[in-house]
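Number of protein chains: 2
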Amino acid sequence: MTSNKHQLILDTALELFTKRGYFNTSVHDIQKQANVSIGSIYHHFKNKEAIAKALFDDLADTMAKAMSDIMVNYSTAHDRCREVISYIFKITEDSPQTMNYILYAKHKEFLPDQKPVCSSRPFELMKDMVVQGMENGEIRQLDPDIAATSVFGGAIRLIHLHLDGVLGRELAECLDECWQCAWRSVSR
Amino acid sequence: MTSNKHQLILDTALELFTKRGYFNTSVHDIQKQANVSIGSIYHHFKNKEAIAKALFDDLADTMAKAMSDIMVNYSTAHDRCREVISYIFKITEDSPQTMNYILYAKHKEFLPDQKPVCSSRPFELMKDMVVQGMENGEIRQLDPDIAATSVFGGAIRLIHLHLDGVLGRELAECLDECWQCAWRSVSR
DNA sequence: GTCTATACCTGGATAGAC
DNA sequence: GTCTATCCAGGTATAGAC
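If you're matching them up, the sequences are chains A and B in order. All letters in the first sequence, in the order written, are residues 1 to 188 by the numbering used here. All letters in the second sequence, in the order written, are residues 1 to 188 by the numbering used here.
Hint data in this document are derived by calculation from the structure and do not stem from the laboratory. Nothing false has been slipped in among the hints.
Calculated cross-link-like contacts (lysine-lysine; reagent style DSS-like; alpha-carbon spacing at most 27 Å):
1. A:Lys108 - B:Lys53
2. B:Lys19 - A:Lys115
3. A:Lys19 - B:Lys19
4. A:Lys32 - B:Lys108
5. A:Lys19 - B:Lys48
6. B:Lys106 - A:Lys127
7. B:Lys108 - A:Lys53
Covered, in the sense of this in silico footprint (three residues per stretch, anywhere, with C-beta under 8 Å from a C-beta of chain B), are these stretches of chain A:
8. 141-153
9. 170-184
The beta carbon of each residue, even a glycine, is placed where N, CA and C say it ideally should be.
Working from the sequences, and respecting the hints, build out all of it.
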């Protein structure tokens with residue numbers, strides 16, 4: 001089965017990239033940890049950079065999909081944004097590596113042609129939710145970037161603390177209080 | 001003059017580290033750009049990592065000093081926190097490399113023994129300001145981490161956008177609106 | 001498609017003259 | 001204290017057998 005190996009390599013790469021960083025992970029490390037040969041890796045991926053890119057695209061797609069679903073399943077900015085924070089907290093605890101890689105990695109340094117994360121699909125969608133909230137009167141009239149960073153900045157910062165291991169509590173416990181602050185900052 | 005070279009090397013390293021990243025910068029690159037010999041670099045610093053460490057300590061000290069000054073010169077949490085945001089916005093525009101290196105770099109990857117940035121002195125002081133604000137009644141009773149991330153999370157996120165070049169406006173223009181959101185999120 | 005062996009080179013670090 | 005020349009490890013990527 002070809003796609004098994006493909007996925008195995010990606011999973012292993014994600015683990016090592018987030019644990020040690022892209023530059024501290026050699027292709028040999030991936031090979032050893034995945035019990036795959038170097039030749040096999042280079043058969044599936046053009047080079048090391050291509051692994052990182054495939055990984056990024058995969059995870060960004062997954063997140064963008066989740067954001068779209070939230071758009072569809074909830075109708076107010078209030079409910080949508082709260083659900084987004086709930087969702088990213090959940091991913092962070094369930095699969096810290098995913099969040100670490102998508103949110104925390106300095107992709108510019110190893111994916112030169114990558115647009116910055118904050119202008120990638122999922123983050124664009126998050127901003128859209130806020131802008132729509134301004135249009136329908138739920139949210140004050142503010143600069144869109146300022147409104148979006150006010151709503152999500154605190155939560156993202158908490159995620160950073162969590163990923164750095166300096167947050168005493170579980171993220172899930174923080175959801176309510178964090179959300180109340182976020183919403184208070186922009187709601188009418 | 002010995003300390004001139006020392007500082008020249010640090011300045012050059014900061015420029016290259018923030019522009020291309022630590023791992024994409026070779027000691028040869030620093031040497032070339034600074035018009036200094038390799039031998040000279042290794043005379044002043046034990047190794048490449050030591051350059052990065054000296055840089056981090058320098059910048060963290062400068063920032064911690066600024067935070068202390070703010071603590072002394074302002075007496076309310078409201079004024080202190082606002083001044084902190086004003087200050088970090090200003091640094092970011094005057095010397096983006098400084099902010100980039102202190103706030104954005106993944107130090108763990110090249111300074112293994114470094115405590116995470118968010119638990120470094122300057123960030124501890126920022127949290128202290130918020131906690132004191134809770135004690136004297138300016139700020140609601142909240143979990144300290146949540147309160148601190150709510151106050152500063154939006155601003156830090158805006159700085160990220162700015163450093164990534166995706167923020168349309170100048171940071172200085174955003175200060176008032178950003179601060180109003182931040183304060184609204186936690187004030188009584 | 002998967003493996004092993006290896007070529008090739010970059011880059012960190014040292015030696016030793018001045 | 002500063003320089004040039006050089007060493008050497010480790011890492012990316014390829015060749016070619018199976």
